[in-house]
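**Q** Make a model of the complete structure from these sequences and hints.
Its first residue numbered 127, the sequence shown is counted upward by one per residue in the numbering used here.
A few of these clues could be false.
Taking lysine-lysine pairs in the DSS-like style, the calculated list, with each CA pair at most 30 Å apart, reads [said to hold, decoys possible]:
1) 418 / 205
2) 391 / 302
3) 341 / 391
4) 196 / 618
5) 492 / 196
6) 418 / 201
7) 219 / 341
8) 618 / 550
9) 341 / 201
10) 341 / 196
11) 544 / 196
12) 550 / 418
13) 196 / 418
14) 341 / 492
15) 302 / 377
16) 610 / 550
17) 618 / 391
Computed beta-carbon distance windows for the label pairs [to be verified]:
18) 414 / 312: 42 to 52 Å
19) 417 / 148: 40 to 50 Å
20) 316 / 373: 45 to 55 Å
21) 152 / 373: 22 to 32 Å
22) 566 / 152: 31 to 41 Å
23) 230 / 373: 17 to 27 Å
24) 373 / 579: 30 to 40 Å
25) 415 / 571: 37 to 47 Å
26) 607 / 320: 30 to 40 Å
27) 546 / 200: 17 to 27 Å
28) 579 / 312: 40 to 50 Å
29) 316 / 159: 18 to 28 Å
No lab work stands behind these hints: they were computed from the structure.
Don't be surprised by glycine CBs; every beta carbon is placed ideally from N, CA and C.
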Amino acid sequence: MKRKGALLNILLSLLFQVVTIISGLIIPRLIISTFGSSVNGLASSIGQFLNYIALIEGGITGVVSANLYKPLVEKNWEKISSVLVTARAFYRKIGLLFIFYAIAVGLIYPCAVDTGFNSVYVLVLTCVLSIGLLLQYMFSLTMTTLLNADKKVYVVSIVSILLTIGNVILVIIVVKFFPDIILMKVASAALFALKPLVLGIYIRQNYDLNWDVPKDNLLIKQRWNGFAINFAFFIHSSTDITILTLMSDLKTVSVYSVYYLVVSKISALIHAIASGIEPVIGQAYARNDLNKLHQKMDLYEFIIFFSVGIIFSLMALLITPFVNLYTSGVSDTNYYQPVFGMILVFSEALYLLKYPHITLAYAANKFREITIPAYIEAVINIVVSVALVQSLGLVGIAIGTASGMLYRMIFHIHFTSKIIPSRKQTIFYKKLLIIGSASTLAIFVCVFLLPIQNITVITWLVRAVEYGIIFSIVYGLVAVIFFKRELGFFVKYLKKCD
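**A** Here it is in C-alpha cells:
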C-alpha cells in the first residue's frame with residue numbers, strides 16, 4: 127500500500143472529481159430548471175460572500191502542511207501532535223467567528239443588493255448555505271490536512287465520493303417531492319456532517335496523536351506568511367462573482383457561475399492528478415535530495431503540461447456548445463458567451479501550469495518570499511476586472527483573471543530558479559512552447575476538419591470523442607519526440623509510485 131499510495135491517491139482523487147463533476151452538473155441544472163436563474167445566481171453570489179471568511183484563515187492550511195512533511199518522514203508524533211493541536215484550535219476560532227459573519231452577510235446582503243427576494247428568505251438561505259463551511263472549519267480541516275500531507279488523499283477521497291453520490295440522490299428526492307431550495311440545502315448539510323465523524327474514526331485508529339500537547343505558537347505567527355497566498359487564491363476563485371454582483375445583475379452571475387462550474391470542475395480534475403505528487407515534492411525537498419527533486423519536478427511538469435494541454439484545449443472547443451445544451455429550455459437570460467468561455471478557460475490553464483512551482487515554494491516554506499507577488503496578482507485581477515466589466519461585461523472579467531494568472535505564473539517560474547539554482551527558467555518555457563504548438567495544431571485540425579454544427583447531445587458527444595482522439599495522437603507524438611526522459615520518469619513512477 128505504501129508503494130502504491132501515490133497512484134492510489136491520483137486514481138481515487140480523479141474518481142472523486144468525476145463524481146463531483148457529475149454532481150456539480152446535475153444539482154445546478156435542477157436549481158435553474160426548478161427555481162430559475164435568479165435563484166441560482168443568488169445562491170452562487172451568497173456562497174462567494176460567505177467564502178470571504180477564508181481570508182481570516184490567513185493561509186494557515188498551507189503553513190500546517192509545510193510543517194507536517196518533515197515530522198511525518200521522521201515519525202515525530204510529538205511534533206505532529208503539536209502542529210495539529212495548534213491548527214485545530216485556530217480553525218475552531220474561525221468557526222465561531224464565522225457564525226456571526228454568516229448572520230451579518232444574511233442581514234446586509236439584501237440591503238446592498240437588489241435581489242428581488244424577501245429579506246427573511248435571503249437571511250435563512252445564507253445561514254443554511256453557511257453550514258457546510260462551518261463544519262469544515264470546526265471539524266474537518268485539521269484531519270484532511272494531516273491525511274493529505276501523509277499521502278493518504280485516498281482516504282478523504284473515498285469518504286467524499288460516497289457522500290457526494292448520496293447527496294445527489296438526496297437532492298433529487300427533495301426537489302421531486304419537496305421542491306424548496308432551503309430544504310434542499312439543509313438536507314445536504316446534514317449529510318455532509320458525516321464526513322468529520324468518519325475521518326475522526328480513521329485518524330484515531332491509525333495515528334498515535336496526543337491532543338494534550340502544548341500549542342506551537344510560532345505556527346500561528348507563520349500563518350501571516352501564507353496570508354497573501356490565501357488571499358490571492360481567494361481573489362482568483364471569488365472576486366469575479368463579487369464584482370458581477372455589485373456591478374451587474376444576478377442573471378449575469380448565473381451565466382458566469384455555469385461557465386465557471388465547468389471550468390472549476392475540470393480544474394479540480396487536474397488538481398486530483400497533481401494531489402498524488404504534491405506530498406512527494408514536499409518530502410523530496412525535506413530529504414534534501416536534489417537529484418530526486420529534479421526528477422520529481424520534471425515528472426510533475428510533464429503530467430501538468432499534458433493534462434492541462436489536452437483537457438483545457440478540448441474544453442476551449444467544447445465549453446460553449448456544452449453550456450448551450452446544459453441550459454436548453456432556459457430562456458430568462460443569454461448563456462451563449464463563446465469569447466468569455468474561451469478566455470476563462472485560458473486563464474484557468476495559466477493558473478494550473480504553475481502548480482509544480484507553487485508546490486515547491488510551499489514545500490520549501492517560502493511563504494514570506496512569495497507574499498508580495500501574490501498581492502500583485504490579486505491587485506491586477508481586481509483592477510483589470512473592474513476597469514473592463516462595464517464595457518466588456520463577462521469578457522472583461524475573464525481578461526482580468528487571465529492577466530493576474532499570467533503574472534503569477536511568470537513569477538513562480540523565476541522563483542523556482544532561486545530555490546533550485548541549477549534549474550533554469552528556460553526548461554519551463556521550452557516545454558510551454560512545445561505544448562502550445564501541439565494544442566494549436568490539434569485545434570486547427572478539429573475546427574477545419576470536424577466543425578461543430580447542429581448541436582445535440584449525440585453530436586456533441588461524437589465530436590468530443592473525435593477531438594479527444596485527435597489530441598491523443600498529436601500529444602502522443604509530441605511525448606515520444608520531445609519528452610522521452612519525462613516519459614521514462616512517468617512509466618517508472620507508475621510502476622513504483624514510491
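**Q** So which hints don't hold here, by number, going up?
**A** 3, 20 and 26
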